[in-house]
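Q: Listed below are the residues making up each chain.
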Amino acid sequence: MPAPHTNPSLWRAPDLSLRWWPVFLRNLLVWRKLAIPSLMGNIAEPLMWLVAFGYGMGALVGELTVDGQRVPYILFLASGSICMSAMNAASFEALYSAFSRMHVQKTWDGIMNAPISLDSVLLAEMLWAAFKALFTTTAILGVMLALSISHSPKLLAALAVLVFVGIMFASIALIFNALAPGYDFFTYYFTLVLTPMMFLSGVFFPREQLPWAVRIASDWLPLTNAVELVRPMFMDQWPAHPLRHGLVLALTTVLAYWLALALTRRRFRS
Amino acid sequence: MSVLFEAQNLRKRYGAATVVDGVSFTIAPGECLGVIGPNGAGKTTTIRICLGLTAPDAGSVHFHPGHGAAPLAMPRDALAIKAQLGVVAQFDSLDPDFSCAENLRVFGRYFGLKGAAMDARIAPLLEFAALAPKADARPGQLSGGMRRRLSLARALVNDPRLLLLDEPTTGLDPQARHLMWERLQTLLQQGKSILLTTHFMDEAERLCSRLLVLDHGRKIAEGRPRELIAEHLEREVVEAYGNGALALAHDARLRPLAARIEVSGETVFFYTQDARALLQALAAQPQLRTLHRPANLEDLFLKLTGRQIREDG
Chain A
20 MPAPHTNPSL
30 WRAPDLSLRW
40 WPVFLRNLLV
50 WRKLAIPSLM
60 GNIAEPLMWL
70 VAFGYGMGAL
80 VGELTVDGQR
90 VPYILFLASG
100 SICMSAMNAA
110 SFEALYSAFS
120 RMHVQKTWDG
130 IMNAPISLDS
140 VLLAEMLWAA
150 FKALFTTTAI
160 LGVMLALSIS
170 HSPKLLAALA
180 VLVFVGIMFA
190 SIALIFNALA
200 PGYDFFTYYF
210 TLVLTPMMFL
220 SGVFFPREQL
230 PWAVRIASDW
240 LPLTNAVELV
250 RPMFMDQWPA
260 HPLRHGLVLA
270 LTTVLAYWLA
280 LALTRRRFRS
Chain B
1308 MSVLFEAQNL
1318 RKRYGAATVV
1328 DGVSFTIAPG
1338 ECLGVIGPNG
1348 AGKTTTIRIC
1358 LGLTAPDAGS
1368 VHFHPGHGAA
1378 PLAMPRDALA
1388 IKAQLGVVAQ
1398 FDSLDPDFSC
1408 AENLRVFGRY
1418 FGLKGAAMDA
1428 RIAPLLEFAA
1438 LAPKADARPG
1448 QLSGGMRRRL
1458 SLARALVNDP
1468 RLLLLDEPTT
1478 GLDPQARHLM
1488 WERLQTLLQQ
1498 GKSILLTTHF
1508 MDEAERLCSR
1518 LLVLDHGRKI
1528 AEGRPRELIA
1538 EHLEREVVEA
1548 YGNGALALAH
1558 DARLRPLAAR
1568 IEVSGETVFF
1578 YTQDARALLQ
1588 ALAAQPQLRT
1598 LHRPANLEDL
1608 FLKLTGRQIR
1618 EDG
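Chains as they are written, first to last, in the working numbering: chain A, 20 to 289; chain B, 1308 to 1620.
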């Protein structure tokens, strides 16, 4: 006898099977064909900013005091902007590219006709966006090493943190992907969320410059916590509060991904 | 008759509108079931429910693997069922950045097919789709018919037992359509089952062993195409158009010669078991143009679902 049908909850636990892998591999194979132009956007541009601002502004600013230690401005900027690059690379991929695959090319629909669930597709998109962020940050880090901006062995630990920064921003971006009626929607996210966060998270200037109330609020921004973890490692030190910042990143990631999954399920439920 | 696929009493509402209202059907191994109906009749929603992409408000979908295996239920066993299905959706979802061969290889991976076993499948599939010379071309370089055949080849990578085809020949020219029909008939001869939606009655008549007519989400007829025509319609149709044709519908001498008369636009349709007397009477008016033909599936479709345009679908 047919079992009575139940409409499963949007908030049920994710399907975490390994079926995300062929979807991830599909994105990797496409990207391999388009790697050169994507390299330009993801790596050349942030490096131009770093060099122009770091050396140009650095000559005016000289040195800054971070946690009682004097550091050249370019080191300050490099450690912040690499977090921003991870954020931007993951966000672009999980918004514009994922939206193309989901809504415009109907790639997701095709995949879901095979034995792969929406949960697996979304997990693949999240990990793929995080992978692209990792690729970008690794390349930028390589150039920073070549420019002798930092030689700290702790950069390896910084790279590990940046993997999670990519995962976090990919998860947040997928919330907006699930809600988007079209590409224009993402302009709001970039202009109203990411750009203000960029200026409030201590990427370009120390947060001590911010008004007191704004600074307290900025303590909780995802990018702030990423920068607070990564910057000391560039200075060959360990962060003062690794647990607190790590917890903020982890909680933000879990909540954002869960919300993104529920909203994506709702979008596809129809 | 054994059953491969079974949908029971499917219901789906969107707000106040009931788009699928108690639809049931079965598909036997090697059978082609056609689902026809006007725009908005519930065809695509029915297919989406069968695929587990849309959750029905009521009803059940089962796949019977046979050989003593327990039936699989949608959506609980969605992935196990989809491993045995091939789908060609109404809109292409081919990867524009991959060649034809790569499209098949990447799609095979979604079914866990890879390496030499998968590579060995690509050439025969492209051959079957008449795309062998286009193995390295991208979908953007293909004609509409080629893209549909690539979609069909892609749906066959996992050697499915049941194909779900949503309007597989919409937008194709007659040559491409005939090639698609020929391929689908080959698949039926190989023992595959097909669930097909279509707006083309000649397609339905040619391919489908059984038809389901949907309207307003309800099943309004079901059966073999020829039997449905015989059951619902007179054997012959005479269409008359031209100067003064519309007046014929009210002509007292003609009315007894036809079992049923319909007017659509500038054309009068006479339905009758035997058109000889009617044709003789019409011959007296040489300014008229007439067409005498057997009743077909299109007549049945229009009789069951009406002639008014459905533009809300």
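Mixed in with the good hints there might be a few duds.
[To be verified] What the simulated footprint calls covered on chain B by chain A, stretch by stretch (three residues with Cβ under 8 angstroms from a Cβ of chain A suffice, anywhere in the stretch; the number is not a length):
id	stretch
1	1485–1495
2	1578–1588
[Unchecked claim] Just a few of them, taken from the derived set where beta-carbon distance is under 7 angstroms, the chain B residues facing chain A:
id	residue
3	ARG1412
4	VAL1413
5	ARG1416
6	TYR1417
7	GLY1422
8	MET1425
9	PHE1507
FYI, nobody ran anything at the bench for these hints, they're computed from the structure.
Idealized CB from N, CA, C, for every residue including glycine.
Q: Compare the structure with each hint and give your call.
A: How the hints compare with the structure:
Residues of the stretch 1485–1495 of chain B lying with their CB closer than 8 angstroms to a CB of chain A number 0, which falls below the three-residue condition for coverage. Taking a C-beta to C-beta cut-off of 8 angstroms, the stretch 1578–1588 of chain B contributes 0 residues in contact with chain A, too few for the three needed, and the coverage statement is violated. Interface hint at B/ARG1412: violated, since its Cβ lies 9 angstroms from the closest Cβ of chain A, which is beyond the 7 angstroms cut-off. With 7 angstroms as the threshold, the beta carbon of B/VAL1413 comes within range of chain A, its nearest partner Cβ sitting at about 5 angstroms, so the hint holds.
Residue-level restraint check for B/ARG1416 holds (minimum Cβ-Cβ distance to chain A is 4 angstroms; threshold 7 angstroms). Against a cut-off of 7 angstroms between C-beta atoms, the interface hint on B/TYR1417 holds, since the closest Cβ of chain A lies about 4 angstroms away. A cut of 7 angstroms between beta carbons decides the hint on B/GLY1422: the least distance to chain A is about 13 angstroms, and the hint is violated. Checking B/MET1425 against chain A by beta carbon gives a least distance of about 11 angstroms; that is not within 7 angstroms, so the hint is violated.
The criterion of a C-beta within 7 angstroms of any C-beta in chain A is not met by B/PHE1507, whose closest approach is roughly 23 angstroms, and the hint is violated.
Hints 1, 2, 3, 7, 8 and 9 from the list above are not met by this structure, while the remaining hints are.
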